[in-house]
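A.B. asks: Okay, here's what each chain looks like letter by letter:
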Amino acid sequence: MQPFFEQQRSPSEDKRWKIVEATARRHGREPHALIETLHTVQESFGYLDETALGYVAGLLRVPLSRVYGVATFYHFFTLKPKGKHTCVVCTGTACYIKGAPALLAAVGKRYGIQPGETTGDNRLSLVTARCLGSCGLAPAAVLDSAVLGKVTPATLVEQIERGVKHDA
Amino acid sequence: MKTPVRVKTLTIDGQEVGAREDQTILEVARENGIEIPTLCWLAGLSPVGACRLCLVEVRGVARLLPACVTRVEEGMEVTAHSERLAAYRRSILELLFAERNHVCSVCVSNGHCDLQAIAMKLDMTHVHFPYQYPRLPVDASHERFVIDHNRCILCTRCVRVCDEIEGAHTWDVIARGVECRVITDLNQPWGSSESCTGCGKCVQVCPTGALSEKGRSVAEMSKRRQFLPYLTLMREGRR
Amino acid sequence: MTLEELRKIAAAEQQTQQKYGHRVHVCIAAGCLSSHSDLVKEALRKEVLESGMQSDVLVKGVGCMGLCSAGPLVAVEPEGTLFAGVKAEDAAEIVAGLDSGAPAATSCPTDVPFFERQQKIVLENSGKIDPERIEDYIAADGYAALVHALAEMSPAEVIQQVLRSGLRGRGGAGYPTGLKWTTVAKAGEERKFVICNADEGDPGAFMDRAVLESDPHRVLEGMALAAYAVGAQQGYIYVRAEYPLAVKHLKTAIRQAEHMGLLGNSICSTRFSFHVDIRLGAGAFVCGEETALLASIEGRRGSPRPRPPYPAEDGLWGCPTLINNVETFANVPPIVRKGGEWFAGIGTEKSKGTKVFALAGRVANTGLIEVPMGITLREIIFQIGGGIPEGKRFKAVQTGGPSGGCIPEQYLDSPVDYESLAKIGSIMGSGGMIVMDETSCMVDVARYFMEFCKSESCGKCVPCRTGTAQLHDLLAKITEGTATPAELALVEELCDLVKHTSLCGLGQTAPNPVLSTLRYFREEYEAHIAKKECRAGVCQMHASGEVMP
Chain Z
1 MQPFFEQQRS PSEDKRWKIV EATARRHGRE PHALIETLHT VQESFGYLDE
51 TALGYVAGLL RVPLSRVYGV ATFYHFFTLK PKGKHTCVVC TGTACYIKGA
101 PALLAAVGKR YGIQPGETTG DNRLSLVTAR CLGSCGLAPA AVLDSAVLGK
151 VTPATLVEQI ERGVKHDA
Chain Y
169 MKTPVRVKTL TIDGQEVGAR EDQTILEVAR ENGIEIPTLC WLAGLSPVGA
219 CRLCLVEVRG VARLLPACVT RVEEGMEVTA HSERLAAYRR SILELLFAER
269 NHVCSVCVSN GHCDLQAIAM KLDMTHVHFP YQYPRLPVDA SHERFVIDHN
319 RCILCTRCVR VCDEIEGAHT WDVIARGVEC RVITDLNQPW GSSESCTGCG
369 KCVQVCPTGA LSEKGRSVAE MSKRRQFLPY LTLMREGRR
Chain H
408 MTLEELRKIA AAEQQTQQKY GHRVHVCIAA GCLSSHSDLV KEALRKEVLE
458 SGMQSDVLVK GVGCMGLCSA GPLVAVEPEG TLFAGVKAED AAEIVAGLDS
508 GAPAATSCPT DVPFFERQQK IVLENSGKID PERIEDYIAA DGYAALVHAL
558 AEMSPAEVIQ QVLRSGLRGR GGAGYPTGLK WTTVAKAGEE RKFVICNADE
608 GDPGAFMDRA VLESDPHRVL EGMALAAYAV GAQQGYIYVR AEYPLAVKHL
658 KTAIRQAEHM GLLGNSICST RFSFHVDIRL GAGAFVCGEE TALLASIEGR
708 RGSPRPRPPY PAEDGLWGCP TLINNVETFA NVPPIVRKGG EWFAGIGTEK
758 SKGTKVFALA GRVANTGLIE VPMGITLREI IFQIGGGIPE GKRFKAVQTG
808 GPSGGCIPEQ YLDSPVDYES LAKIGSIMGS GGMIVMDETS CMVDVARYFM
858 EFCKSESCGK CVPCRTGTAQ LHDLLAKITE GTATPAELAL VEELCDLVKH
908 TSLCGLGQTA PNPVLSTLRY FREEYEAHIA KKECRAGVCQ MHASGEVMP
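Protein chains in written order, with my numbering: chain Z, 1 to 168; chain Y, 169 to 407; chain H, 408 to 956.
Keep in mind that the hints were calculated from the coordinates and are not lab data.
One or more of the hints may lead you astray.
[As the list claims (entries may be wrong)] Calculated cross-link-like contacts (lysine to any residue; reagent style SDA-like; alpha-carbon spacing at most 20 angstroms):
#, chain 1, residue 1, chain 2, residue 2
1, Z, Lys82, H, Ala648
2, H, Lys906, Y, Arg252
3, Z, Lys150, H, Lys494
4, Z, Lys150, H, His443
5, H, Lys906, Y, Leu232
6, H, Lys658, Z, Thr23
7, H, Lys906, Y, Leu233
8, H, Lys799, Z, Gly99
9, H, Lys494, Z, Gly149
10, Z, Lys80, Y, Arg349
11, H, Lys906, Y, Ala254
12, Z, Lys80, Y, Gln356
13, H, Lys655, Z, Phe76
14, H, Lys655, Z, Thr40
15, H, Lys655, Z, Thr23
16, Z, Lys150, H, Thr846
17, H, Lys906, Y, Glu262
18, Z, Lys150, H, Asp445
19, Z, Lys150, H, Gly794
Note that the structure is a prediction, hence the values are computed from the model and not measured.
Chain Z on its own, in the form it takes in the complex (with noise of 0.2 angstroms):
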């Protein structure tokens, strides 16, 4: 691994990491870009790893620990990639009254993984949310870019079943 702060140029010759440096300079490569770069990480290769991190921190001269710090704090950053398929499941205050524990427990059961698990095979995560917002629709659930609504357990498997076969 290449010294951090020689690391400003690209670690390879991925176009995603055009886009990355693109955020950077929009915000003339100041210290406070820091969220908006990782977001930007996030949106083009789906989670943040350690050269990318190693990269931000280069790009926009903040300390390495910062970088891992401010990762690390945001739950909306994830340091490990997802599966193929991701079931959100929300458990604002109203999906949790209307039945979201047991949509956990019953995808948990299905498929052996915890809230922020991915299965073996790579093939689904599952992960919680704190509020979808679509708390007239609960409880609410979201399959890779799908919003469900007023699922069940049963549902909610039945729909993810469909979901992963279809790429089987």
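Assemble the complex: chain Z is given as a structure, and chains Y and H must be docked to it using the hints.
C.D. replies: For chains Y and H alone, coordinates are given in the frame of chain Z:
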């Protein structure tokens, strides 16, 4: 020409004291021999108001205020010692003892520990909150120093001295809430840190046995902190 | 841009719209969108084209109409008819009935308390205008307040109107908005900032999202008026990354406003310049706290710092900074347009105007509502909300989210205002209102909120970091039936400690859900401990739970 510094008068625990307007309650109290306990505060580092041990009552203010960051005001009536404050301070200390694994009898800093000293001073005889017993790692990868997370109280003195005085910013805090931990660089072994200069300031300012020098046995790790006011003073002189 | 030019744009837009005999509004805000209202809109468009009615019928996407539980919603103007639960295949029937007014299978009555008991200021355009067209906002008197203020009013006069209106911060604490503006205006610095707090983190609240999705220009206009009043040149909207549609609509709105000279340099050819940028939050409830929000915009961990100094004096990069939330800014344009007195005529003596609530939980009509201050909780839940479904019994209503409390039946006739809600152990909060019936266990609810606070605590100060974790563990033991009466006493002691010694609002209010449920539902706690009984049947009691002697 310098702008004249205005003087304020106030009372702390009924004692009339005078202060410059840019002073904090804590500074004025200590100047006048009134002891207010602190853990995260350290002369020469920026105050953060995080440990909450220095909370005081100010007449006319509903909330308790941290003495370390609250500026004096004319006519302020401060209570730094009351039964209520003593109970809160003991509880906060107990929460710290219960949070990680502070076993004084086997600690390198036994007898030289700020946390231990304050607990004795405030008559904290036992911990009545459930112990959390987290399993935390010890990192001895640095050639001269060791960090034992079991004894860290997250005061962030190490983070601040490294950033503000040494200028390296090797340390920072990751995650949040009870998951918080101090780390070096990208959460890597201390020994592999590229930014660490090995100056050891973090070790010296650490209030507990979390940061220590290698080769120290139980109760052998006393800390030298005289460099901090010295460095601060010298740097001010150069400005 | 002059007032005359603005009026011309408004008149032209109104004329274009009135050419159509029927204007079909399809809700495309996040709630209805999640039940595929975009497909409904396309189907309606296609149906109109196929029936050759395109010169008489306009199909447009609009923001939230409020009755989210019955989505997707379609409304027809000027008739004022409403269709609920519309699917793409219902398009033909709706279009066919436009001229005759014949009801369809999806027709939904509008002469019900849900609509009639509401009073809309903040949401006056929601569900009526196309959020992605600035002309539609201008046609509804949009930007008239800003253009008028810049031409005719001094900054001090704008603040005067806000002071006179009696508007208080809608983010939860209820600090008088005019006073905050005065402090920032008086700060002597050159550089000042205006920040819109759209980091709606309260689990169970979606008011700000709906406003941003449905009427983004209203928030921008409110911010511009504030910037003019306090002398700021730069604004930021700190919005949750979890709200992609709101971000999209905001970006469009900023671009449009800049293009028309209503934001940017020399607004309306005056010396007033104001730029607005968006900053994305990244999932941290604590960033709703002012100083944590500032740290986050500066690209750091969202840890709060002690106040004073307040952001009004020492805010973003040390400059005086005005921070208000979405709903507060959204109230400003009508206040400046119609005068502070008009606004002060609505609501109660100390709480003026209206409040938007996200009504959810065990209630028939869930969705977004706006009601005058002073309305009772009973009216909201049983008239507007339509009561508790499935013949269940009301148990409590939770306001203020993790900082608020649970209000029992005996206080249902309390008026909704800042002081009354505080008196009964809750807070106004940002507007989350969750109704609970007999199937909810109050100990479990308290544990749920404490789990939230524990995982959202930034970890900086000791009482909040370790106190919330201790409280959560103790509450979990109670819900498992393994706690002792001594541990309940410990819960009460910790609540007092965390409340009075924490650094910021998150910790200081974290015990509220526990304290309010202890105050009104203590017997539930005692039943869990003494009899290992959860009457609501929510908690799984450990059969082998050992009670310490």
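A.B. asks: The structure should be examined with respect to each hint, and the outcome stated for every one.
C.D. replies: The hints, checked one at a time:
1. Lys82(Z) - Ala648(H): 18 angstroms, holds
2. Lys906(H) - Arg252(Y): The hint holds at about 14 angstroms.
3. Lys150(Z) - Lys494(H): 16 angstroms, holds
4. Lys150(Z) - His443(H): Roughly 14 angstroms between the alpha carbons, so the hint for Lys150(Z) and His443(H) holds.
5. Lys906(H) - Leu232(Y): 10 angstroms, holds
6. Lys658(H) - Thr23(Z): 16 angstroms, holds
7. Lys906(H) - Leu233(Y): 13 angstroms, holds
8. Lys799(H) - Gly99(Z): 16 angstroms, holds
9. Lys494(H) - Gly149(Z): 15 angstroms, holds
10. Lys80(Z) - Arg349(Y): 19 angstroms, holds
11. Lys906(H) - Ala254(Y): 16 angstroms, holds
12. Lys80(Z) - Gln356(Y): 16 angstroms, holds
13. Lys655(H) - Phe76(Z): Given pair Lys655(H), Phe76(Z) holds - Cα atoms ~18 angstroms apart, limit 20 angstroms.
14. Lys655(H) - Thr40(Z): 16 angstroms, holds
15. Lys655(H) - Thr23(Z): Given pair Lys655(H), Thr23(Z) holds - Cα atoms ~17 angstroms apart, limit 20 angstroms.
16. Lys150(Z) - Thr846(H): 17 angstroms, holds
17. Lys906(H) - Glu262(Y): 17 angstroms, holds
18. Lys150(Z) - Asp445(H): Holds, at roughly 19 angstroms.
19. Lys150(Z) - Gly794(H): It holds: about 19 angstroms lies between the C-alpha atoms, which stays within 20 angstroms.
Against the hints set out earlier in the document, no violation occurs for any number.
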